[in-house]
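Taken in sequence, the protein lines are chains S and L. Residue 122 in UniProt numbering sits at position 122 of the first sequence, with consecutive numbering throughout. Residue 526 in UniProt numbering sits at position 526 of the second sequence, with consecutive numbering throughout.
Be aware that one or more of the hints could be misleading.
Chain copies aren't distinguished; within one or between two, either way the pair holds.
DSS-like cross-link-like pairs, simulated, lysine-lysine; straight-line CA separation at most 30 Å [said to hold, decoys possible]: (1) 85 with 572; (2) 572 with 466; (3) 492 with 541; (4) 329 with 78; (5) 188 with 329; (6) 251 with 466; (7) 488 with 572; (8) 492 with 572; (9) 572 with 473.
Bear in mind the hints are in silico, worked out from the structure with no lab data behind them. The model shown is predicted, which means the values in this text are computed figures rather than measured ones.
Number of protein chains: 2
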Amino acid sequence: MPSYTAPVKDMQFILHDVLDVAGQDIPGYDELDRDFTGAVIEEAGKLASEVLMPLNSVGDQQGCVLENGVVRTPDGFKEAFEMMKEGGWTALDCDPEYGGQGLPYLMHTAAQEPFVSANMAFNMYQGLTHGAYSAIYFHGSDEQKQTYLPKMTTCEWTGTMNLTEPHCGTDLGLMRTKAVPQDDSSYKISGQKIFISAGDHDMAENVIHLVLAKIPGGPDGIKGVSLFIVPKFIVKEDGSLGERNGVSVGKLEEKMGIHGNATCVMNYDDATGYLVGEMHKGMRAMFTMMNEARLGVGLQGYAQAEVAYQNAVAYANDRLQGRDVTGAKAPEKSADPIIVHPDIRRNLMDQKSFTEGARAFTYWGAYLIDRAHKNSDADADGLISLLTPIIKGFQTDKGFEMAVNAQQVYGGHGYIEEWGMSQFARDARIAMIYEGANGIQALDLVGRKLAQDGGKHVMAFFDMIKTFASETKGQDEAFDRDFLEPLKAASKDLQAAAMYFMQNGMKNPNNALAGSYDFMHMFGHVCLGYMWARMGLAASKALKDGASDTEFYETKLATGRYYMARQLPATKMHLARIETGAEPVMALEAANF
Amino acid sequence: MPSYTAPVKDMQFILHDVLDVAGQDIPGYDELDRDFTGAVIEEAGKLASEVLMPLNSVGDQQGCVLENGVVRTPDGFKEAFEMMKEGGWTALDCDPEYGGQGLPYLMHTAAQEPFVSANMAFNMYQGLTHGAYSAIYFHGSDEQKQTYLPKMTTCEWTGTMNLTEPHCGTDLGLMRTKAVPQDDSSYKISGQKIFISAGDHDMAENVIHLVLAKIPGGPDGIKGVSLFIVPKFIVKEDGSLGERNGVSVGKLEEKMGIHGNATCVMNYDDATGYLVGEMHKGMRAMFTMMNEARLGVGLQGYAQAEVAYQNAVAYANDRLQGRDVTGAKAPEKSADPIIVHPDIRRNLMDQKSFTEGARAFTYWGAYLIDRAHKNSDADADGLISLLTPIIKGFQTDKGFEMAVNAQQVYGGHGYIEEWGMSQFARDARIAMIYEGANGIQALDLVGRKLAQDGGKHVMAFFDMIKTFASETKGQDEAFDRDFLEPLKAASKDLQAAAMYFMQNGMKNPNNALAGSYDFMHMFGHVCLGYMWARMGLAASKALKDGASDTEFYETKLATGRYYMARQLPATKMHLARIETGAEPVMALEAANF
Numbered sequence: 001m002p003s004y005t006a007p008v009k010d011m012q013f014i015l016h017d018v019l020d021v022a023g024q025d026i027p028g029y030d031e032l033d034r035d036f037t038g039a040v041i042e043e044a045g046k047l048a049s050e051v052l053m054p055l056n057s058v059g060d061q062q063g064c065v066l067e068n069g070v071v072r073t074p075d076g077f078k079e080a081f082e083m084m085k086e087g088g089w090t091a092l093d094c095d096p097e098y099g100g101q102g103l104p105y106l107m108h109t110a111a112q113e114p115f116v117s118a119n120m121a122f123n124m125y126q127g128l129t130h131g132a133y134s135a136i137y138f139h140g141s142d143e144q145k146q147t148y149l150p151k152m153t154t155c156e157w158t159g160t161m162n163l164t165e166p167h168c169g170t171d172l173g174l175m176r177t178k179a180v181p182q183d184d185s186s187y188k189i190s191g192q193k194i195f196i197s198a199g200d201h202d203m204a205e206n207v208i209h210l211v212l213a214k215i216p217g218g219p220d221g222i223k224g225v226s227l228f229i230v231p232k233f234i235v236k237e238d239g240s241l242g243e244r245n246g247v248s249v250g251k252l253e254e255k256m257g258i259h260g261n262a263t264c265v266m267n268y269d270d271a272t273g274y275l276v277g278e279m280h281k282g283m284r285a286m287f288t289m290m291n292e293a294r295l296g297v298g299l300q301g302y303a304q305a306e307v308a309y310q311n312a313v314a315y316a317n318d319r320l321q322g323r324d325v326t327g328a329k330a331p332e333k334s335a336d337p338i339i340v341h342p343d344i345r346r347n348l349m350d351q352k353s354f355t356e357g358a359r360a361f362t363y364w365g366a367y368l369i370d371r372a373h374k375n376s377d378a379d380a381d382g383l384i385s386l387l388t389p390i391i392k393g394f395q396t397d398k399g400f401e402m403a404v405n406a407q408q409v410y411g412g413h414g415y416i417e418e419w420g421m422s423q424f425a426r427d428a429r430i431a432m433i434y435e436g437a438n439g440i441q442a443l444d445l446v447g448r449k450l451a452q453d454g455g456k457h458v459m460a461f462f463d464m465i466k467t468f469a470s471e472t473k474g475q476d477e478a479f480d481r482d483f484l485e486p487l488k489a490a491s492k493d494l495q496a497a498a499m500y501f502m503q504n505g506m507k508n509p510n511n512a513l514a515g516s517y518d519f520m521h522m523f524g525h526v527c528l529g530y531m532w533a534r535m536g537l538a539a540s541k542a543l544k545d546g547a548s549d550t551e552f553y554e555t556k557l558a559t560g561r562y563y564m565a566r567q568l569p570a571t572k573m574h575l576a577r578i579e580t581g582a583e584p585v586m587a588l589e590a591a592n593f
Numbered sequence: 001m002p003s004y005t006a007p008v009k010d011m012q013f014i015l016h017d018v019l020d021v022a023g024q025d026i027p028g029y030d031e032l033d034r035d036f037t038g039a040v041i042e043e044a045g046k047l048a049s050e051v052l053m054p055l056n057s058v059g060d061q062q063g064c065v066l067e068n069g070v071v072r073t074p075d076g077f078k079e080a081f082e083m084m085k086e087g088g089w090t091a092l093d094c095d096p097e098y099g100g101q102g103l104p105y106l107m108h109t110a111a112q113e114p115f116v117s118a119n120m121a122f123n124m125y126q127g128l129t130h131g132a133y134s135a136i137y138f139h140g141s142d143e144q145k146q147t148y149l150p151k152m153t154t155c156e157w158t159g160t161m162n163l164t165e166p167h168c169g170t171d172l173g174l175m176r177t178k179a180v181p182q183d184d185s186s187y188k189i190s191g192q193k194i195f196i197s198a199g200d201h202d203m204a205e206n207v208i209h210l211v212l213a214k215i216p217g218g219p220d221g222i223k224g225v226s227l228f229i230v231p232k233f234i235v236k237e238d239g240s241l242g243e244r245n246g247v248s249v250g251k252l253e254e255k256m257g258i259h260g261n262a263t264c265v266m267n268y269d270d271a272t273g274y275l276v277g278e279m280h281k282g283m284r285a286m287f288t289m290m291n292e293a294r295l296g297v298g299l300q301g302y303a304q305a306e307v308a309y310q311n312a313v314a315y316a317n318d319r320l321q322g323r324d325v326t327g328a329k330a331p332e333k334s335a336d337p338i339i340v341h342p343d344i345r346r347n348l349m350d351q352k353s354f355t356e357g358a359r360a361f362t363y364w365g366a367y368l369i370d371r372a373h374k375n376s377d378a379d380a381d382g383l384i385s386l387l388t389p390i391i392k393g394f395q396t397d398k399g400f401e402m403a404v405n406a407q408q409v410y411g412g413h414g415y416i417e418e419w420g421m422s423q424f425a426r427d428a429r430i431a432m433i434y435e436g437a438n439g440i441q442a443l444d445l446v447g448r449k450l451a452q453d454g455g456k457h458v459m460a461f462f463d464m465i466k467t468f469a470s471e472t473k474g475q476d477e478a479f480d481r482d483f484l485e486p487l488k489a490a491s492k493d494l495q496a497a498a499m500y501f502m503q504n505g506m507k508n509p510n511n512a513l514a515g516s517y518d519f520m521h522m523f524g525h526v527c528l529g530y531m532w533a534r535m536g537l538a539a540s541k542a543l544k545d546g547a548s549d550t551e552f553y554e555t556k557l558a559t560g561r562y563y564m565a566r567q568l569p570a571t572k573m574h575l576a577r578i579e580t581g582a583e584p585v586m587a588l589e590a591a592n593f
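Take these sequences, add in the hints, and give me the full structure.
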C-alpha cells in the first residue's frame, strides 16, 4: 500500500529560504516564522499520513453510493471529516469574524498540500466549501454572510459550485437553468446541473449550493447569468434547519478516478434560491474566485505527482532487478535496486524537479494573491492573473504525466490497482479537465491575459526575469552557467513567441490561438526555471552561510541543475511549433478529419 | 457509446500507394492486390465494428471473474470468440500445414488492427495464442507441432506466455520456477508466475502455457532458463484431452484497464511440462518471438489512439460551444461545433498525424519482418531488429498520450466512464508496460541495438534516409521544403545524438543510458517523419497521376505537413537533453531522492 510523508523540509525551504515570508510587508506574514509554519505543516502532514492516506484506496474502491436519494461516502470518511473540522483545518485563512483563523492564503495553501497528496477526493469536500465560502464572503450580503459563513468555516455545512449543464460547460452563455423572482425577494430555481463535485453526501448537516442561473428577461448569453445560494435545507431565521429545498441528486457519475468524491447530477425543481450580489453579474462573482480555485487545482497537479513520486522512490530502492552497468552496487544481493539504472533516475529526476519547482511556483502564486488582496497591490494582482492559467494548465498536465511516470517505475505492478499507483494517475487526470479544461486555460492566457492592461503584466514578468538575472549575475560562475544562462535562453524563447503572437495575431487570431497550448507549456517551463533559479540562489546562499545540512542544499542545487539542463530545452521545441502559425493546424476542412 | 470504423482507405493507401506490396519480390506478396487486401480489411473491420466494439465496454465493466478456480469471461465474449474462429481470423499468417492461411505477416498485422482498436482486451486471447504458436512453430519438435498447433491455429486451444515471477520481470535470471526432469523425458514444473494474460478463461477447451523455468543444476542466471509446454489438460496420444495438469489460477488481478482480459497469477505444482527446443536455451526461443510480439504491442499503441481519435472527431463535430474567433461557422445554431477552435484542431491534428504515421511505421515493420523471414534478408532482419524497440516504446507512449488527448476533447464527459473515452486511455496504458517496459525498450535500443553488428544497421538507416532524400529532391519545391528539409534536419539531430553516445559512452556508459529514453523518442519522430515523407511522396504522385479522390490525397499532404512542422521539432529538445550526459541524471545519492 502506498504511503505519504509531508515534505516539510522542502516546504519550509520555499517559505523561508526562498520567499522569506516572515520578512514580507504583507499583513499577517509577520506571524509566519519558521517554527509556526513548521508546526502547522507537521500537524497537517500527520493527519494526512495517518488518517487520510489509508482512506485513499478505500475511497477509490468503494466510491460513493446513491441510495434513496441520499449519497453515502466511503467507510471512514465521516470520521476523518470530523477530525478535519476539530483540527480547525477547514478555515485557516477565513475571516475570524465568521470563525476562520485569519491566516494568509499562502499558509492555507501550504497546509492543504498534504491533504491533497494523501487523499484528493476526500479533500475536495472542504475544498469546494472554501470556494463557496469565498463567493459568499466577497459578494454576499451581510445577512447572507451571517447566515451561512459561520457554519461553512467549520464545514458543519459544506458548499458546492454549480456551473455546468449537460449542453454547456465552457460556454456558460448557453445556460438554461432559470431563476424566477418571487414576491419575498427569493427566487425559484429550476434546471439541471452536472459534474457537481461534493454535490451531496452524509458528512454535513446541510449543503449550500452556489448556482448560476438566468433570470428571465435578462440579457442574452453570459451577461444574463446571476449567482444564487440554494441550500439543501432551508435555513430558518433562528439559524436552525427548516424544510428540504427542491434540489435533489439525479445521479452519481461513474468516473475514471476521485471515486471518493460524489460527482452529482443536481436537479433543481422550483428550489428556493437567494441572489448573491447583483442581478446578471454572476460571472463577476465567479471570476473573482477563479484565481484561487485554479491555483488550488494546480496544486492538485503537483500534489498527486508528489505522493506518486514518494512511492516510486521507495519502490526503486526496494525492487532488485539487474545490475548497475558501471559495477554492482549491492553485490551481496541477488541484484541491485533499480534506482541504480540511469533511465529510472531520469524518470525520478523528472518527477522530483517538476514537483519541487511546481510547489515553489504555487506558493509564490499564493504569496502574490496575498499581496494583491491584503496590500491592494495592483501589480501583484495583474501578475497572478497572468500566471493563474499557467499554474492550472501546465501543472496539471505535468502532474498527471509525472504520476504516470511514477506508475511506470513499478513496471507491471503499476498497472495493478492493489499497488495504488494507478489511482494517483487516475485521480490526477481530472485536474486537467475541471475548473476550465487546460485548452481553455491556454486560451485564457493567450487570448485574454497576454493583452490585459495593454500587455503590462507580461512585460513586467519579462522585466522581473531580466532584473533577477542582472542582479544575481557574476557572483558565482557555476550558478550563472547552470541556472542563469538556461533561464535567460528560455525567457528569450518565450519573448520570441509572444512577439510572434503580436506580429501575426492581428492578421489572423488563429496564428496566436494555434500556438496557445505550446505557449502555456513554454511559459510554465520558464516559470519553473525562474523558481529553480531562485531556489538555487537560496541554496547557494545557505551553503555559503555555513548551513549545517549541506546535503539538503546540495541536493536542491543538483535537482535545479537537472531541471535547467533537461527540462528547459523544451522551450525551443514549443517556439518552433508556435512559429509555424495557423496554417498547419487549420488546413483541413472539418469533414476531412 | 463510442463507435469504430476501420480506416480501410488509409490502410490501403499504405499497403499499395506507399509500400506497393503487390510489386514486392516477397513470397506471398503477389496475392496482395488491392481488391484482396481491401476485402480482408473490410471484413475484419465489419467484425470489429459490429461485434467487438459493443463488447468493449461490457468487458470493461464486468471484467473477468474467478469462481471455484475457473475464470469466466464477460457476457458475449464466448460468442464473439466463436465468430473469430469461424471467420478464420486466428491464423491468417500461420502455416497451412497446421491449419493456417499462409498469408504474409503484414496481412495478419493489417487485419489485426481493427480488432485491437475495437476491443484490445478481447483480442489478446488470440494474440497470446499467436505468440505461443510461434514459439512452438519455430522451436518445438515435430511431434509437439503436430500435437498442439492444429488446435492453436483455430483457437480451440489458446496459449499463454509465462515469464514474470513476483520478484523478477525484467531480470529473468532471478527466476525461481523449477523444472525437474522425469524418467519419461517430461518435467515437473513448480513455481509461481504472475501477470499471465489470458491465463485462463471459458472460451477454449484447453490452454497451452509456455513457461520459462530452470532445470536444477543448469547455469546460473539467464543462461539456465528453459522453455516448456505446460497444457492445462494433458493431451493424450490420440489427441484427446486427458487429466487436469497441476496448474491453477491463484488469483485474478484487478487492473487499471483491459478488464476483459484475465490477468492471472498461475501456480504450478508439479505440473507436467515438455521441453521446447534445447535445454537452457529458453531465452533464445523468447527472443525470436520478440520482434513480432513487440510490433504487436506497438500496434496496440496506435490502434487505441485511432479509436479514441475517431470518437474525439465525432464529439468535436457534435458538441456546440463558443464561436469561431474569425466568425461564426454555424450561425443558425446556438454555438459552433468545437472543431472550429484552433486548440481543438491542434489536439486532433496531433492525434491524426501520429496515428497515420505510426500505422505506416508498423506496416513497414511487418513488411521488413516478412522480407527478413521469407527472403532470408539479413539487412531487413538487422533493420527491424533495430526498429522494434522504437515501434514498441515510442508508439505505446505516444498512443497513450493521444488517447489521453482524445479524452481531453470531451471535457468533463471524458472523465465519465459511460462515455467510453476513459477506457481507451486506461487500456492503452498497459502497452507502455508489458512486453518489456518502455525504459527497457530504450535500453535495448541504445545498449544493444545501436552497436549490433558493429553499428551496421543504424548506419544503414541513416544511409536509407539520405538516399531517399537525394533521390526525391528537386522534383517538387513544396515537397522539398515541407517534407525533406524537416526530415533531414531531424535525421541530423539523431545522428548527432548517436555520435554523442559513441564519443561519450565509452568513457561512461551512463552518458549513453541517461539519454536512452530521449533517443528512443527522437528516433521515433525521425521514423514517423520518414513515413510521412514517403506518404507525402505517394500522395503527390497520385495527385500528379490524376487520382480522382483529390481530397483524400490533399488531406494526406496536409496531415504530413503538420507532422513535419509541429512534431519533428521535438528532436532538437531530445538532442539537447541527451547532450547533457550522465551528470545531471546521476548526480544524487539514492538516499537523497
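Looking at the structure, which of the earlier hints fail to hold?
Violated hints: 1, 4, 5, 6; rest satisfied.
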